[in-house]
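*Asks:* So you can see what is in the structure, the chains are spelled out below.
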Amino acid sequence: DARVTQTPRHKVTEMGQEVTMRCQPILGHNTVFWYRQTMMQGLELLAYFRNRAPLDDSGMPKDRFSAEMPDATLATLKIQPSEPRDSAVYFCASGPMSSGNTIYFGEGSWLTVV
Amino acid sequence: GESVGLHLPTLSVQEGDNSIINCAYSNSASDYFIWYKQESGKGPQFIIDIRSNMDKRQGQRVTVLLNKTVKHLSLQIAATQPGDSAVYFCAEKDWSGGTSYGKLTFGQGTILTVHP
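Chains W and Z are the protein sequences, given in the same order. Count along the first sequence starting at 1, add 623, and that's the number in my numbering. Count along the second sequence starting at 1, add 31, and that's the number in my numbering.
Looking at chain W on its own, in the form it has when it is part of the complex (with noise of 0.2 Å):
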């Protein structure tokens, strides 16, 4: 049963460490997206890649968060320093890219930065 899988799935942190969350897509998915979900905001898109090119990180704060995928099987995202406003889920999804395919979302990494 192929599935998004992320790690860790819950993390509590202090401010001002580095946190790094990770995510395997499902095999073959060429598109990843990382969305942080929040009671204030809702689930917002933070980053987008296709073929492991960044192709949107425009909902990201960039001086603070970062997102790579080394490779096909992995993508991070990196927040550096952590901040108490940072406490979310964050959920990674993959799907194929194709119109018409949905994707497939990670059970979340949820996060809570003290």
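I should point out that these hints are in silico values taken from the structure, not numbers from a laboratory. No residue lacks a Cβ here, since even glycine has one placed at the ideal position from N, Cα and C. Heads up, a few of these hints could be off.
Dumping the calculated EDC-like pairs for lysine to aspartate or glutamate here, alpha-carbon to alpha-carbon at most 20 Å [unchecked claim]:
1. 73/Z with 667/W
2. 73/Z with 709/W
3. 68/Z with 730/W
4. 68/Z with 667/W
5. 701/W with 679/W
6. 73/Z with 730/W
7. 102/Z with 125/Z
Some chain W residues near chain Z, calculated using beta-carbon distances under 10 Å [to be verified]:
8. 656
9. 658
10. 678
11. 712
12. 716
13. 724
14. 729
15. 733
Given chain W, work out where chain Z should sit, using these hints.
*Replies:* Here is chain Z on its own, set in the frame of chain W:
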């Protein structure tokens, strides 16, 4: 102090009733639409999709209706069950080109509560 946050639309129904969840979208370049269900503590889960060349699509107990004229999407759930209680999101996919190509944008969500 007063809590601040998204005020999601809510829908409460009795078990066995039919539910209709509505969504308005804004991007006329979107040509593919998806409904997701999100249960507490989980990621959004695909329910049903529809392309813009269709106005209706049916699945098991669910039907999606698309009205492109008024940019409106609805999800109908037949014989709603307590297990259907969740937040439901509509999402639209943009194929207009450039950096928006293939981008999936979500609506704010609707909370569905099903009472036994």
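*Asks:* Run every hint past the structure and note whether it holds.
*Replies:* Going down the list of hints, with the structure as the test:
no., hint, in the structure
1, 73/Z with 667/W, "holds (16 Å)"
2, 73/Z with 709/W, "holds (19 Å)"
3, 68/Z with 730/W, "holds (13 Å)"
4, 68/Z with 667/W, "holds (16 Å)"
5, 701/W with 679/W, "holds (16 Å)"
6, 73/Z with 730/W, "holds (5 Å)"
7, 102/Z with 125/Z, "holds (14 Å)"
8, 656, "holds (7 Å)"
9, 658, "holds (8 Å)"
10, 678, "holds (5 Å)"
11, 712, "holds (9 Å)"
12, 716, "holds (8 Å)"
13, 724, "holds (8 Å)"
14, 729, "holds (6 Å)"
15, 733, "holds (8 Å)"
The structure fails none of the hints (numbered hints given earlier).
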